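So the sequences go chain by chain: A and B. Read left to right, the first sequence gives residues -2 to 476 (my numbering). Read left to right, the second sequence gives residues -6 to 146 (my numbering).
Derived by calculation from the structure, the hints in this document are not laboratory data. Being a predicted model, the structure only gives us computed values, none of them experimental. Ideal Cβ positions, reconstructed from N, Cα and C, are used throughout, including at glycine. Don't take each hint at face value.
[Unchecked claim] Each computed EDC-like pair below joins lysine to aspartate or glutamate, with the alpha-carbon atoms no more than 16 Å apart:
(1) A:K161 - B:E(-3)
(2) A:K461 - B:E66
(3) A:K343 - B:D35
(4) A:K161 - B:D35
(5) A:K461 - B:D35
[Unchecked claim] Some residues of chain A that are not near chain B, with every Cβ distance over 12 Å (derived):
(6) L6
(7) H45
(8) R48
(9) C62
(10) S96
(11) P101
(12) E163
(13) L385
(14) K476
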Amino acid sequence: MRIQSHPILTFPREKKITFLFDGKKITGFKEDSIASAIHATGISTFSHSLRYNRPRGFFCGIGKCSSCLMQVNGIPNVRTCITPIHEGMTVQTQKQTGSHPTAPFKPTTKKKRHIHIAIVGAGPAGLSAGMEAAKQGAHVLLVDENPRLGGQLIKQTHRFFGSKEEQAGTRGIYIAEELYHQINHTKKIDLLLNTTVIGYYKQKNTHTLIALKRLKSGEELFEIHCDKIIFACGARENMLSFPGNDLPGVYGAGGVQTLMNVYGIKPGSTVLMVGAGNVGLIVSYQLLQAGVHVCRVVEALPTIGGYHVHAAKVRRCNIPIYTSMSIKEAVGTEKVTGAVTMRLTKDLCPVKNSEETISCDTICLAVGLTPSTELLMQTGAQMTYLSLAGGYVAVHNQDMETTQGGIYVAGDLANIEEASTAMLEGKIAGLAAVRSLGYRETVDEKLAECCKRLEGLRQGSFGKFPREAKRQIQKEWSK
Amino acid sequence: MEYEKTGVLECSDLDLPSPEALKRGVAVSECIQDIPCNPCVDACPFQAIKMKNLTDIPRIDYDTCTGCGKCVEVCPGLALFVIKIGDSQSQVTFPYEFLPLPRRGDSVHVLDRWGKVRGEGKVARVKKINGGALITVEVEKDLAMEVRNIGII
């Protein structure tokens, strides 16, 4: 299941680590998460559903679903996809909600941190916000629940679109590397990785975040007091409703990308891709690069939603794309062994007798994303439901500030878009937060430039939906 | 448009160079949508690719283009090719991001925009770039506007 050679990526795999999974020894590499190391051995069932005890497998790979919850060193409900492996750790699949920890509870003292700007999420938006704010002299704390910086940039092996200023022509993975480099050379930025923000409290003039850092042994609790917060928590993948959609072997397209491009593991050998937007097309191409066969790409709408250039890359590799077609059901009992596709009318109604059964071991869902706004909602910032934006988003102004003063948003959490616009929104939020702290020099000019570039990226027919979503958000703000 | 359903362009969707330009060897763009992207404009050493706005479709000045392939190297959409149509054989240069890479002199399958095998060709040049390579393949003269990929034999 491990990718042995790849045209773009190299996987170090220098240090082996062995741990116990359901009593058996499993050996992975230092870079593995628990879930990736288990998946690499060919195990597909990670948990069971609470009511019907149905098997569940790897789905999102970034800690946003519950498919991979396991008992780790006695602690139940650990998201194994974002937990690094350690020598000798004990991992067990759990029955339903798991059993109470057997280890005695060790009270920990809260570590207090005082900071100008806290940023939740260190993906393209959060990193750009942090860099921009730190450059102006603010002291920044970046918090992210993953073991690595970079959010979803670390799996983007394709070259980015845009202009020179957005590093167009550079692969996302290299943009991520450049951002790490900058962050590591900035004394004004502190990092808390493997750390989940679990609560928000409003104080008189400041904001407080409570965060939990996962260590090799136990946890550390943080109380973060800050003047401004930027929420850049990204998004989670959408599920599609069809019989068997919870079977192991049904993955989110982002989950597949994480598994392949971060951990170097193939999801399976034959993939049905559902969705021909940019994500579905890009991941299909990346599957081919990893040596995985894509049997077909199906798209419910009558036309391909993603850029033609991405579709063309897949087509010239002899991969068919069928529009007006979707998945009817997944085939398999313990895991996916096939799928039934069906044709759709232009009103998305199934066409009778159009079913085709195809053989595949992986079904990849690229059917959109939903902003991860759960934590942001705790701040009381006004939210609005916009299907164009992917779900509930915070009402915000041009400076990315929400209706709660001092709380900013950026990236997919503020409207499902893409990495280049996320980086610009991050810069805008970072600069605006710094300006409100009183650092005024040159900030206005920079802000205006970022807004102009953002507008540039949203031109054209593909920018129509984000333009409209942002227009509606602005309209709510004006009310 | 048919390509919005199939993901495959027809030559009639494209703005093609003159036969004289193709004889010399020039870049051919299959970037036909108004996506916000312009690295090809910056990459061209001869300023032969023009674009006013970021979402404009790149227009190639075939009189200025030398067919050097710099734009092919940077295009994020892998949508630029260098085509040179000779008397009996033609050359197609395109980015290739798969392993194994072919070697110069290898015989390979030549594939069209549908991914269908259209015959065999000979690899004339392999230039490694950051993640993959630019491949130049020699094909039958009439296949120059059809062949867009190779398959390793």
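We went through each hint and held it up to the structure:
For the suggested pair A:K161 and B:E(-3), the alpha carbons sit about 28 Å apart, so the restraint of at most 16 Å is broken. Annotation: proposed proximity of A:K461 to B:E66 is violated, straight-line Cα distance about 29 Å (limit 16 Å). Taking the CA atoms of A:K343 and B:D35, the gap is about 41 Å. The hint is violated against a cut of 16 Å. Distance restraint check for A:K161 and B:D35: the Cα-Cα separation of roughly 8 Å lies within the 16 Å cut-off, and the hinted pair is therefore satisfied.
Restraint check for A:K461 and B:D35: the C-alpha separation of about 26 Å exceeds 16 Å, so the hint is violated. Listed as outside the interface, A:L6 is inconsistent with that label: its C-beta sits roughly 9 Å from the nearest C-beta of chain B, within the 12 Å cut-off. Every CB of chain B lies more than 12 Å from the CB of A:H45, the least distance being 38 Å, so the non-interface label holds. Its beta-carbon lying about 41 Å from the closest one in chain B, A:R48 satisfies the requirement of being farther than 12 Å from that chain.
Non-interface status of A:C62 relative to chain B is upheld: no Cβ of that chain comes within 12 Å, the nearest being about 30 Å off. Here A:S96 stays apart from chain B, with its beta-carbon at least about 46 Å from theirs, past the 12 Å limit. The claim that A:P101 is not at the interface with chain B holds, since no C-beta of that chain comes within 12 Å of its own (minimum 51 Å). The beta carbon of A:E163 sits about 9 Å from the closest Cβ of chain B, which is not more than 12 Å, so the claim that it is off the interface is violated.
No Cβ of chain B approaches the Cβ of A:L385 within 12 Å, the least distance being about 18 Å, so the stated non-interface status holds. Remark: the non-interface label on A:K476 is consistent with the geometry, its nearest Cβ contact in chain B lying 30 Å away (cut-off 12 Å).
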